[in-house]
Amino acid sequence: MTGEVKTELPINRKEALERIGGDESFLQELLNIYSEEFEKKFAELKQAVEGKDFKTIREAGHYLKGASANLSLPALREASWKMEMAGANSDLEAAREALSLLQKEYQRLQEFLKASS
Amino acid sequence: MNQSSKVERKMESGDLTDKAKVSVLVAEDDRVTRSLLEKQLSQWGYCVQTSADGHQALEILKKTEVRIAILDWMIPGLEGPELCRRLRLLKKPRYTYLILLTSRDSDADLIEGLEAGADDYMTKPINLMELRARLKTAGRIIELEDSLITARKKLARLALTDSLTGVWSRFRFQQFLKEEYNRSRRSAQPFGLLMVDVDNFKEINDTFGHPAGDNVLKQLAQLLKKNLRNYDRIARYGGDEFIILLLGSDLGGTGSVARRLLEIIRQKKFKTGTGSTTSVRLSLGGTVFFPESGKESDPEKLIVTADRALYRAKKEGRDRTVVIPLEEENI
Numbered sequence: 001m002t003g004e005v006k007t008e009l010p011i012n013r014k015e016a017l018e019r020i021g022g023d024e025s026f027l028q029e030l031l032n033i034y035s036e037e038f039e040k041k042f043a044e045l046k047q048a049v050e051g052k053d054f055k056t057i058r059e060a061g062h063y064l065k066g067a068s069a070n071l072s073l074p075a076l077r078e079a080s081w082k083m084e085m086a087g088a089n090s091d092l093e094a095a096r097e098a099l100s101l102l103q104k105e106y107q108r109l110q111e112f113l114k115a116s117s
Numbered sequence: 001m002n003q004s005s006k007v008e009r010k011m012e013s014g015d016l017t018d019k020a021k022v023s024v025l026v027a028e029d030d031r032v033t034r035s036l037l038e039k040q041l042s043q044w045g046y047c048v049q050t051s052a053d054g055h056q057a058l059e060i061l062k063k064t065e066v067r068i069a070i071l072d073w074m075i076p077g078l079e080g081p082e083l084c085r086r087l088r089l090l091k092k093p094r095y096t097y098l099i100l101l102t103s104r105d106s107d108a109d110l111i112e113g114l115e116a117g118a119d120d121y122m123t124k125p126i127n128l129m130e131l132r133a134r135l136k137t138a139g140r141i142i143e144l145e146d147s148l149i150t151a152r153k154k155l156a157r158l159a160l161t162d163s164l165t166g167v168w169s170r171f172r173f174q175q176f177l178k179e180e181y182n183r184s185r186r187s188a189q190p191f192g193l194l195m196v197d198v199d200n201f202k203e204i205n206d207t208f209g210h211p212a213g214d215n216v217l218k219q220l221a222q223l224l225k226k227n228l229r230n231y232d233r234i235a236r237y238g239g240d241e242f243i244i245l246l247l248g249s250d251l252g253g254t255g256s257v258a259r260r261l262l263e264i265i266r267q268k269k270f271k272t273g274t275g276s277t278t279s280v281r282l283s284l285g286g287t288v289f290f291p292e293s294g295k296e297s298d299p300e301k302l303i304v305t306a307d308r309a310l311y312r313a314k315k316e317g318r319d320r321t322v323v324i325p326l327e328e329e330n331i
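Chains A and B supply the protein sequences, listed in that same order.
Just so you know, we're using this note's numbering here: the first sequence kicks off at 1 and counts up by one.
Just so you know, we're using this note's numbering here: the second sequence kicks off at 1 and counts up by one.
The reader is advised that the hints may include incorrect statements.
Under the rule of at most 16 Å between Cα atoms (straight-line distance), these lysine to aspartate or glutamate pairs were calculated in the EDC-like manner [unchecked claim]:
1) B:K124 to A:E18
2) B:K124 to A:E15
3) A:K104 to A:E39
Quick caveat, the hints were computed from the structure, so don't treat them as lab data.
The task is simple: from the sequences and hints, build the whole structure.
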């Protein structure tokens, strides 16, 4: 596994709630949508990395970056940004690294959410 | 809560069709942002449509009356700035306020977006408080635009009708005349033109006062109009002069309409508004355009000829009609 150890929480819940007017159940709804989208995009990314499809790498990375930022998921946002950059620079090695970082951070988020619910 | 009722009140005071909600389009491929905006905008009282594709968004903008569009910069299909450009080319009758959403934030992007026709610009992640404030600005612009449209319609109405008598304005009549001239040439149907002038109108004003003169003109205009076919056109030409377009009328028809109007007005008593009544006498001059004569003519020449006929009616003693063919004018 690559990537440094993260000490910050996978989600800045306070910031995310502030943005949507403090509605807890709506945040949960949005996180569910996020998870569905993440899994879809992650599958696309995996295939794109295998097939060296840098356009898809950049676009899917960009997509996840925006979605992550919206829900105040800083680590996932950063991993997505690395993916987008890897696509833009046609850097396969960086894309592979970003892919495993994304997977790791996503698992960390899911575990955190499960634990805090 | 308070905010949403405020938004609704604003909508009612604008020219937006009765109590209709302001319609907003959200074009955004990120489902999280889309769901977030859809829910929040509905709560604020907007009517929300969403799209995840640039081409589809453009179709919605073409087909429906969207007043505010929130467009993602990097939406698949057509990207935000291109979408802005295409929308502006549509020349919709009502203005659509465009807000571009982006996760970029460099000045160059901002300038590109605004030059493409966007009105505002927001960076993601969206702060809802900021969005609410920006939508208020959008609402003000829309209201302003709506009141401009209302004012323009009112001005158009003022330009097309005569405010005193309610018949067409001289400006509008000139358009009718041109249209009828062209149609007549295509359909080979003649048409007649009558100039109507009140005899000694100044005496009515001098005897009963100017408000009485206005009253007489109003009644006269409505009476003349009532005695024409509904496809004929009557306008106030100026002062106490009216001008009439008689569709499909030849010399005989135009002459008989002129004599009929002269007779009807002769019989009528006009209220002065001061408790008394007065009678009115008219002089009418007319001419006819025959397309089959094949000669190129100028619609304005018809007015000159009708005016000449009117002058003759005056000179020959008033209270009469004179209708002359258009050709006579050229001799």
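A quick look at each hint next to the structure:
1. B:K124 to A:E18: 15 Å, holds
2. B:K124 to A:E15: 14 Å, holds
3. A:K104 to A:E39: Measuring from Cα to Cα gives roughly 13 Å; hence the hint holds.
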